Amino acid sequence: MADNEQFFRRLNQGPAILFLGQEYLKSETGADPLLAQIQKRSGASTHAQGYNALWDSVASNGADATLSWVSQLCQRVAPPDQLKAVAEFAWHAVFSSAVDPIWLSAFRNDWRDVAAVYDDEYFPKNPRDRRELHCTYLFGSVTQSDLKLRPPLSNLEFAMRRMIATNLLQRLPDVLTPLGTLVIDGYDWDSDWLNLPDFYPILQSLGPGQVHCFGVSEVKADDQFLAELLGSGKVVLHRHTLSGALTRGRHHGLIKLGAQEDLERGERRITLRNGPISVPKELWNNVSRTATILDDAVLAPASPISDEALYWEFRRFLFESSSRPLWTGYSRGLAFQREFEDQLQEVTLSRLARLTTNARPIIVHGQTGTGKTVALGALAHRTAALGAFPTIFVGRKSQRPSQTDIDRFCQWFEDQSETPTLIVWDGMVDASEYYELQGYLASRGRNAVVVGSTYKLEDQGSNLIAVPDQLSSSEAEGLLVFLQSMHFEVTSRHREMLMQRDPNYLVALYRLLPPTRSGITTGVVLEYERLQDELLGAVNAVLHPTFAMSGLAAALLAAGIIDEQKIDELHGQNPAGINSLEVSDLIDVVTVPGRFGLSIPIELLARTCGTSDFANLAQVLRGFDLVHAYEDTAGRIVVAPRHRLEAQLVVQAKLGDVQEEVGVVCRIIEAMRKSAWPDENDEIDFVIDLLREVGPRGDERPRFASGFRDLASALANLRETRNFKNPRLMLQEAHLLREWVVTETWFSDRPSDAQEVLEKAQAILDEALDMLGEGRGHRRLRTFISTEIASALGASTMDALRNPSATTDEAVEIFDRLLESVRAARTLDFSAYNPVDVLAWSTLALARSPSVDESTRMDAIVDTFDALNTVDEELLEAHNARTLSKRKYEVSVLLGDDDLSEAAFQNLIAKDSAAGYYIRAMEISGDMRYFQHEMRDTERIYDQAWEYLESHRVEFAHDNRCLNLLFDYWWQHKTGHRLFEEDRLVLPFDHADWQYALGLIKQLRESGSYRDLALLLVEAIGLFHTTRLPQAMQLFREVERNSDVLRTRRRIQRIALASDAPGKPALYHGNVRWVDPTGRRGGVYVDELRLEVPFIPVDFRKPNIRRNEPLGEFHIAFSFLGPIADLPV
Amino acid sequence: MQPASVLSLWIGVRDLVDRLDGRCLAVLSGEPAFVPMAIKEPKTSPPELAFYQTVSWLFAYYFEAGRLTLPFLMELFPTYQIDHDGSHAVHRSIVRDLRTFMQHNLDLASNADLRTKSQCESWFAAQCGTPSPEDDTEWLSALLRVLYDSTAFLKDMDRCVANIEGDRYGQIITDQWHARLLRHHPKHEFETVVAQVMHDIGQSHHDPGQITNRYYDRWSAELRNWPPGYVFVTEARKLVEHALLHDQDPLLPITTSDIMRTFAIRPGPMVGHLWRQARAIYLADPASADSLLEKLVECEEAASRGRANMP
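Protein chains in written order, with the working numbering: chain A, 11 to 1139; chain B, 226 to 536.
Quick caveat, the hints were computed from the structure, so don't treat them as lab data.
As the structure is a prediction and not an experimental result, all values here were calculated from the model.
Please note: incorrect hints may appear among the correct ones.
[Claimed, not checked] Examples of chain A residues toward chain B, derived with CB under 8 Å:
no.	residue
1	E38
2	T39
3	G40
4	S81
5	Q85
6	D91
7	H248
8	T251
9	E318
10	F606
11	K770
12	R1100
Glycine is no exception: its CB is placed at the ideal position from the N, C-alpha and C atoms.
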């Protein structure tokens, strides 16, 4: 039983991978019913062994007929009961040499989907996903007819397929990781298509005890491969069946079969006030890949445990809750509540109670170690427990939550219960990411509140909750009481320490507590001040064994920081032996990213440390509590320090020098592997997050600036020497190169190769864009890359102006290319602000240069005004909105206080530039004064400015900038508002006005506008008002199709109402055509228009309205989603 | 009230059960596919009583008499294009839930029981317009529905077996069916083995039925996973004797809390290991709590010295 206990411990720890051999069908009767039929058909005289008999059948019946016949046979064979028992376990992946679909069906059940992998060209994104189990057919499946996907049907095909099988098998160590266990069942190494010599290299690369082979009754003494594997302890043989072992393990309580708690919590049920709601499996599984749904099982009362176990749970809560929430810990009341949490809860609940599409997320910000993560976990737990709002929690990980999955989840709940959803995202990412998620959900019309966490912000706002750096005196008192309730003996010394009110005390608490409750009674408690020394001592103990044998080791032992067995292991007395250099390396590779709150994927860690000996890595991870490995819901295993504060401490003491830290990051980059999952993967996500921290956008930019070029070189090395080309990484490389030039130029001398470096950056970005191709896919990434190209060109422009050997013409030529890039980026996403800002700072540099001539200067300024004026200011987050105002001011003061002189105006016309008209119009309207003096009360006169521009329209017929301004001024003159500024704007346009607008839009489009979508919507509204309904509806559909680029509430905003010429909303009538079963949406036939438009029953306060009922009088509103019936106010 | 309609439906169900039994016997060359039913047939009125008894009878047929055969045949439904919408699986499952709902005291703090309650209430609401039927009309609606569904289910079962009969490769199916029936050992077979063991060890005063009831599910599951070709009497005897041995263990004078305190260890597998060690020591030499803990410490120290001396 002892051996089995170890086996089950390994299996529970995961990842658990099953290899199923071709003999599995024998488990029920002792004979393989499928093979028996195949052999029978091949003829009694066949000498073929095992499934090679298929080839004889093909010879007489042909390939297609044979495959179809075998498929039919398979339908008549039920999966053996034994396999069903095996399939009850929540495996992380299955590999099989069997070619039938029978085994696959055994793994499909109500909590798990299966996804078959037939060839080596398909790479699953989450290869260890227990909810969507990836089942790899090493030799293809008889259900497939394509040569690459079906089984080999001849000797020659078999030779080819073996190569694919080997490639597929090589993924196994990656999926398994150093911590995992490979379980082999139904495998006969003499007759299986996967023979032992082919399997051997894979098994040999694993650690001792990682492979368990079941149902082995005899072993050939002369089998060299097996002897070697058994001798090294890598393979453990079991005589009994796997199904028997699992069944027995379940009876002894050593293993759980069926859905694991974290896979199927209470049958995916969420109880809200109006009753329990079961969430569909697919929706649940999709959301659960990146988030935790707080369902009834999470909120269930924790099972009773002994005082010893409670103490240990508390310590575990302290250990792990900085990485991920332990929900049972919240249920048991193990989380200490800080005072800011009351405010957080109040703000969150009040936002949830207001059923609106909220524009701003709630953001909790503060220093590291102040309790944000525990507070967000508690917020999610408490809110879900109210039973009023469905709640999901997204932890800190490189893979961002899927916006579309969250959107579907929110919509599903709105349909079921009309309740808003709370999304708690403890991402510790830039605040803009929370704004983006909130905006995206708003653009879909979702009622959801996003709560996020980030580092300390300077901004203030009702949606920003600051976490105080210090504990208040009442918090310190509360903590004392709390600790006493956890059986912690609070001495006067501790009281004194607590009264210093350092919140880091909460982080340190784990190390202040002895590992068992009994330790408390013996008074083994470290003092807070000694803790840092002790922590570093623990690291030293690992690195310098002799030092560890000193009294310090004993103190650490007594304090529970390390245990006796660990000291033995770390001293190399353990037969497995751990190389202290490897451990040192491991600590570096985990703590450098860990000090930024990042967890490294275990495969990348192993490769960076260069250890092929996975066993050692696993041993260190299990034995040393400075770092820990954990698995997320999609089966990804990552390694993190216990707490980022501890990681900071270790990095400071152990590395100190920034170059060493950069060196570690470079090594991590160089250890990335192209193979496994090429497109998007955890390693790329992780490295990009790491580069964000140590790169130009990180908080420690000045410290790391000298390393930017080294980091870029590491990425270049990956790309150039290993052909590992990924557009996201290429974007990072170019960004680092540009920022290196900029930083060097600022803080020391201009690098002599600056232009060369910037050109290289542009070339990398051009290649990345080529890789992504055209079309709708990767639109955001293409926008980022286009913006970065513009930035590189901006830096180039500035460098050329500074470089004595470059001419002004060269700088202007680069600036013109920059304009094209900005235009390209805005065409991809006209709501993006960053390209505009790049244009603004580049223009400032160009316009301030004395060598640039006046007309070039004016043109550049007008280009920039045009861009700044067309930014949708209302949708910007606070930081960008402030930057926009600043840019408008900076650009406008370039023109000086005096109006444009006639001479300068004529000079521009002479140079074929329409910039003069633009500037004059802005002077007339008052916009220029407004921007120059930031005077909010400046009166702006749009009718005269529009008249001025209109009178010169012929002269600037092809100038997009002036046409944009003409359109905006006309719109403001007619409506009194900026485009899209107001909800439900009435449009006092007569037929002639609409004709004018449509003509202007046509002209704008011909001149190459990047405001296509907005203008298209206005055009559709115009066609609607000029009774060209079919064309209007077609255009509305086109706008809707393209509106996914809008990731803000602007997408669903009802921006205007169908109106008559005097400016009154038009009234319409009609009967309901349909209402969907949820009663959330419907369609109404509009009598006056003879067409159907959608309506929302709740808007009309008629949730139970039925088909054919009259809707009553209504307006028609327009949004980017098209026309919709709107209740008159 | 339409007692005639209930009666005719019930007679139909009985006929289908008999027909299915006969067809299975023929396909399996005389081997019974169902365990005989001992439960009394349900009354057909009043509707509430008839509903209770019908559900109980169907439960006994679906989950006891047909415990092995019905799920086996249901796995073949897709092969013969039966039950596209999965309604038969839903019917079988609701019969189980209804029986639990009506005959057990549900624990509403348990997720599983809550689920059962909500499934049954939804089912009643769909059949009789209320989650908890009160009058005869409501009960009759529910009764008719369960009988209609059962009729459809059994007809399709019969169709499935008829398909196997006519299938060119039906032999593959019947071989597997045979193999499963061979592995299925009803309670009375185990009870006989228990009685024999009791007698052999001189403890025939124990009730073999009580012991069999306690371990039946576990023993059945074990044998289902035995390699093919096992001898039932031998393997069952091993399982019975193993269970009896553990059943007769004396109470230990110490608890796992004592172990955690003594060794200053946290909850986990190590506690389990020492607990089993303590059991072995105590069985060999019963002692007081203190003395047992002392022996356990000595034993563990000796074991770690042994590990340290390993090359």
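Hints and how they fare:
1. E38: 5 Å, holds
2. T39: Status holds, d = 4 Å.
3. G40: Constraint on A:G40 satisfied, holds at 4 Å.
4. S81: Because about 11 Å separates A:S81 from the closest Cβ in chain B, which is outside the 8 Å limit, the hint is violated.
5. Q85: For A:Q85, the interface hint holds, since the closest Cβ of chain B sits about 4 Å away, which is under 8 Å.
6. D91: 5 Å, holds
7. H248: 12 Å, violated
8. T251: Cβ of A:T251 sits 6 Å from chain B, so the hint holds.
9. E318: 5 Å, holds
10. F606: Violated. Min distance 31 Å.
11. K770: A:K770 check fails; min Cβ-Cβ to chain B is 56 Å, beyond 8 Å.
12. R1100: This interface hint is violated because 40 Å lies over the 8 Å limit.
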